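Participant: Read off the chains here:
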Amino acid sequence: MVSALDRKALRDLLRLWAQVLAIGGVLACGVMVLVLGSGTRASLEASRAAYYERQRFAEIFADATRVPETLLPEIAAIPGVARLSPSIRTSAVIDLPGVSEPVSADVRSLPVSGRDPVLNAPLLRAGRMPDPLHPDEVALYAPFAEARGLMPGDRLSAVIEGQRRSLTVTGHVLSPEYIYTIGPGSMMPDDARFGVLWIGQDAAAAATDMNGAFNSLALQLARDAVAPAVISALDRLLAPYGGTGAHDRSDQISHAFLQSELEQLGAMALILPPIFLTVSAFLVNMVLSRLIALERAQIGLLKAVGYTTGAIATHYLKLAAGIALIGTVVGWGAGWYLGAAMTRMYADFFRLPWLIYAPSAWPFVLSALLALLTTLSGAGRAVWASVRLPPAVAMSPPAPPVYRRGLIDGLGAWAHLQQTTMMILRAITRWPGRAAVTVFGVAASVSVLIASFFTYDAIDLMVDEIFTRANRQNVTLILASARNESALDDARALPGVIRAEGAFVLPVRLRNANREELSSLTAHPEHSELSRLIDDKGRQVQLPDHGLVLPEGLAGKLGLAPGDMVTVEALAPPRETWAVPLTATIRQTLGQDAHIAAPALFGLMRQTPQVNQINLQVDATQMDALNAAVKSTPAIAGIADWTRTRSQFTATIEENLSISTVIYSALGMLITLGVVYNAARIRLSERVHELASLRVLGFSRGEVAWVLVGELMLLTLIGLPVGWAGGYGFAALVVQGFSTDVVALPLVVNRQTFAYASLIVLATALAAALVVRRRLDRIDIVQALKARD
Amino acid sequence: MSTPVLRTEDITRIYRTGAVEVQALRGVTMELSEGEMVVLLGASGSGKSTLLNILGALDLPTSGRVFFRDTELTRATDRELTRFRREHVGFVFQFYNLMPALTARENVGLVTEISEDPMRPEEALERVGLGHRLDHFPAELSGGEQQRVAIARAIAKRPELLLCDEPTGALDSATGISVLEALCEVNRDLGTATALITHNAGIQAIAHRVIHIADGQIAREEINATRLDPKDITW
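Line order of the protein sequences matches chains A and B. Each number in the numbering used here corresponds to the 1-based position in the first sequence with 2 added. Each number in the numbering used here corresponds to the 1-based position in the second sequence with 18 added.
If you are wondering where the hints come from, they were derived from the structure by calculation, not from laboratory data. Since the structure is predicted, the reported quantities are computational estimates derived from the model, not experimental observations. Just so you know, even glycine gets a beta-carbon here, dropped at the ideal spot from N, CA and C. Among the hints, a few may not be true.
What the hints assert, rightly or not - Example chain A residues on the side facing chain B (calculated, C-beta under 7 Å, incomplete):
id : residue
1  : Val404
2  : Met424
3  : Ala429
4  : Ser702
Isolated chain B, as found in the complex (with noise of 0.2 Å):
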């Protein structure tokens, strides 16, 4: 493991709701490397998906800064966020959030076309094992080809960052386990730095490092001295 290539210092959020205050995140201080692969363990509502957020530059935190490399997210404009998740990040959901009016190959193709240097997207979807189905509407595909169309489109430009929120939540363990393995693959191959949050405990065991999330503050880290296959876990 090497240089950082995000990481938090001290970081909060407090969402305000007429007269309510919930505080998400109560101080968190974490970093992630390139070619890391780090799961971040917590049950709902414990402020996971905040921090994703706030890694992905979706959302600001309340205080505390976030540099992506160099460079503070937190100073950076609307615009300069919008050209860091344009050329850095990739992003894959539990509910997909593809385009229902584009196929897999223009779905993906939606990304390449504002990128750098991406792949082509016949290349991003035969890495996922969607070489066969180019053509097919997300409508016409199960909820398993629809994620891995998903993970296709967020690793089509070379991201150094891949941020999957509860990337296997709505699928079944069998279905779950091929796009984990799509996940790891992308990460020894391209040497991604991949951030997964889950509520399932059995994934933890795919990762280099777990971050374990309670109450918006890390409750403890450990690294996994060795990791699993994702056929081999349990779900």
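Bound conformation, chain A alone (with noise of 0.2 Å):
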């Protein structure tokens, strides 16, 4: 049996519908984003950590030149290691037939037992794993196999060590180590033209001359294993053997990707949701003030008949609460649905052999919780307010608000206003509570919207930095070894090459006092023309003839300024330590490597200049043939083509974008329409008194409506100032957020990002007291003039 007061706040419900659902949608895009976020951040927790279970995903990770199999004891023996597993690393270059640019591939081996390696095991999926007894078979990384169609059973020829080498495809495989998988020289995965190759571990110790040695190390930790201690150790035994710097997880680059997209989407889940609630929240309160205040006489007859104070604030409390109820399910709803389309997005970025959509349950109890929570705290001071009245009290009129003079009056004589135009002034200045709300929500929207819409200025910048002012090279040459500088003129040789520079890359350990980073250090020729540092204002930066140049975020990570001293240890021959001043910083949004002047590190090394990497500008026509003979040159180990890096850079940011720009601005939208929206009716249920008067006294319906519309608009435009402040710190957020040791997004707002977010909010906030001045010109003038609260 329902209650008659149940039913009466049924009834409120379905009456109140239209502001029901604004306040109700903007609570389920909290609700909506605290499930998505944290949705999509369990499944793809889940599924990665399954994955790195069961396939023993390594916790440290070290390379080195060639180290001898007598070590391994003496590593096994370091405190805190539970398993290693060593192998052999080194690169091919794939000629695929009918392809005519080079594919580039990791090659790893396979232990010679012909068992799973002990760490980092690859995952088959499909073929069976090569038979360490064939050195001619080798199983493809599933993504790479599936891009360039290779089924098992295929053959493919591979330049390894310098070596052409026919191999048999017997299979395609997954692993932990390549959840994310990006080339040398490459900003994003590139499934066709990047490629890992597993063979067995004698085919690769006679590729690569390392029989009864390994170059790549893989250790687990025991369970009270101190990291730092280990890798510490690890690089004492490795250093003697061209070991390059041990690392744990973080510095793994598939692991360190996924990692960051984890944080992001915890970040979502926490950043966003409270602006929802909070705005649900004063809403609620501002509907509930004047429904109550509406309903003042009712709440004293009720009173009167015998009803408790207590039943009276659970009645209200109960309409508080089916709001809650209709954003918490329209938010689980979309949560739930955007977390699946999301994770299934994941799914072509990360490459996880199962990705199962499995949210816990803990974001739909707490976003309920939550949102249950919004809006009886929305409520409650609306409610306690009027209950407390006695019934006699309550049942008579209210008292008429009482304006008093102010500043506002000095202003409207200075500026010659209009009476109605004071009428908006006052009303603001009267109850600036609910002026300060609605600024708030339309500030929190131009917020989230100019957070959105940002990224493409600071993508646009960075698409600008990297490749058109700093990397003006469209091809990069990876050589196989170094080689001193007439390699350049072999280069230049090449088909379709206009202009090549030579550059050094050397793996370094920077270090300062107890701080230290691994990072690598590129030499630069004197007057480079193609690779160039750029500073903060788009400026290139000459290289000073000594010392070290250092990209800002890396700089800070290492707590260091110009003019401060750098320890920089050589990973790579001749494996010497160096105290270098720094000598500048530089904005750098790709890669964070250091920058030294050749000479200078030549100099130190004591050594003539030498090249491992080679930039060349190439005539585009010229691109096949450049690649038929990069292919036919075993020296070069790999070359990245910077015109299709961008054109797929450009195409995967875009379409990224455009999906969250959509979401967002639907949600930033949504917060305008829901404040705006309930403000005005509010405001014209409480003037509808006043307003019908002014129609009597000649006023025009526009004119009248500018008394309601105005004050909204006006309270907009005073938010949008406060909502591009709110906007700049959010995209501060985010550029921390998102920037990992690969890509460092810049922050910068352009002005037409602004004007976009403002004009978004303008139109919505206009829309939403437009529909409310429908209802305006719908009043029946006689009626409402009778009708006295």
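Hints in hand, dock the two standalone chains.
Facilitator: Below is the structure:
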């Protein structure tokens, strides 16, 4: 049996459907983002954890030049090492029939035993693993095989360590080391251009001259191990063998990318919901305050006939709970749907063997509780203020609002404002709290939109900086080993090459006091025209004759300012340690590597200048001929095509951005819609008498609407600059959240972005106000004058 | 008494709420002339407010015609009716209908700002004896003072027609008389045709002409040979 009061609550919900939906919509956004962010994160995290566990993903990784297997017992004896898995790792250029451009690949060895490696075991997806007794058998990274249509039984030709080999594909595999795969010199996964080959240990050893030795090591730690101590011990052991510095998972590219994505999702679930929940709390408060004000006499009557204060308060709180229920259910539905869609999108990026959308229950429970708490706390004050009135007081009409003279009067007289405008200004100053809610809601909308739109500005700047200002080469050749500068003459002889400049890249560990970072040091030739350094104004930075130039981010991590001394430890021959001054910092959006003038580096190394990378400016029509020449040159280990990288980068980014931009625009507009619509409805309900009086006095519909619409638009205008500031702050948070060691998003918000966000919010606010204006136009003047609140 | 300012021809007004039909007016023909003060007297529910609303173009009759001078209001558009109210009519209601957010001066200013040749707000307020309360908000004024602000607001545009719906209904006798005095002064000094509805029979003595309304019809009309000053009427 539904009680009469409950029936009233239900009917109130139905009667106020437009306002209830407007609040429920804002509430639903908060619930949705929470469910979406944490649900997607939980799904990704669970899939990753299960995958890591099952394939025994290592915790410490180290590469070296050539380590004899006899060192293994010593490594195993490092306190904290639980298991270790040595392997051989090299690179290859794959030659596919009918494919002009060279395809590069990582080559990984599989144990002689034929069993899975102890750590980082590949997961077979099709066919079988290579037979260790057959050196020409190879398993391929599944996405690469699929992109190139290579099936088990197919053959391919690869140049490994300068030797051309013909290989037979036995199967497709995935690996926990390659969930997110980017090739050398690339910024994004490109499955058609970069692959991974798994071959038998003997074959790998023969190709790399590693019999009885290895060059890559993975460790699993004991439960109580201290990772930094193990890394130091391992570095000491591997140093004589060309160790390039051991690192934990945070420097493993695939893991680092996935981790930063998970953190972004977490941040989204943390930052956005409070905005929406706060706005909804205010809205519920506004709407219920008004509803209760209108029902003052009814409340008095209920009390007079014997309802307790508690029963009446519960009635209105149920109404609030009803709004929470609607917001929660809609938010759950949208969050579930978008979460599943987003998880599918992730499956394209992150090569997990399984990615099941399986959100845990807690975001659902938590979001429902938060929604309930939000609406109840919003309702609480309004309910309390009115239910405690004695019945006789409640049944008499409320005292009219008292206005006082203030600053506004001076303004009105000075600016000769119309009386209708004065009515707007007085209403705002009379109820500053309510005006603040509207301003806050508008500002929140603008912030959300700016934080979403500015990514286009940042990406544009990045693309311009990376591809137009900093890297003017369209091809970078990666040499199999360092050569003297005569290699540049060979490069210039390649087809289509207009200009060639060398570079020398050295793996280093940079240290300042107790802070250290693994990095690579690039030596640039004098008067470099192709690969240039750019400052934060986009101007070319001339490399100083001596000393180091670091990206701001890396300098920050090391706690360094220009003028400080940096300890540079070369992790490749000559394996020396130098103290070098930091001469300048630069803004660098791609990569976090250190820079030095070539003469300065080779002076430190006491060697003649060398190159191990060659940047080329190439006639685009000659690319095919160049690719063919590169494929037949074993000295070239890899090739990065900047033109292709650029188009791929912009395409991927734009696809991802357009989805999130649509979602955030909708969210931003919903806040404005909810806030302005409710404010307008409440204002209309309160002032219907006044507005009808204006009509009687001969004011036109438009003039009367101005009092209503003008107030809301004025508040919207006040909210805009607040939103600009908030949006900039949000953008800074986004920059922090999205920047990785590979890509540093610049904090730049263009004027157009401020303008677009403002225009969208203004238009939405105007639309919401005009919907309410239509109600105003339909009001019967005579009825409105008769009905006294 | 000269040219009629406003006249009605056999107007009826039927309200439909759901299945119920209420006939508020049943064929009213009347006119109001320049400088004339007419009191419409009737019990509550007699249809006098409906008549006043139609005279002021706040409502349209179900049948019949209404003319303001030579213009037929019953054929006018919404925009034209708004202009009619704006330029020619002043209203005074029982509950004042002042804007609580505006001071006395500003409430009057509300109308003078949109009028062709208005009085200054201060002049209109002085005329109703409120020259000393210009900058008070409605909440700071007594009921009689608020009603006099409403009258000042109604006359400030120098209307040709002043329509008053129970202007003293919410006031005690002393305050009510001061409000009636203000209305009579305006009628005399400005020559504004004034229609005043009331259920208080004592008030009829201040009118040139009294129209008795009952059951939505004009029951009878009387012309007062001698008018009384408001302070002499019996309340």
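Participant: Against this structure, judge whether each hint is valid.
Facilitator: Here is what the structure says about each hint:
1. A least Cβ separation of about 5 Å between A:Val404 and chain B falls short of the 7 Å threshold, and the interface hint therefore holds.
2. The beta carbon of A:Met424 is positioned within 7 Å of a beta carbon in chain B (closest approach about 6 Å), and the interface hint is therefore held.
3. For A:Ala429, the shortest C-beta to C-beta distance to chain B is roughly 6 Å, which falls under 7 Å, so the interface hint holds.
4. Hint status for A:Ser702: holds, given a least beta-carbon distance of 5 Å to chain B, under 7 Å.
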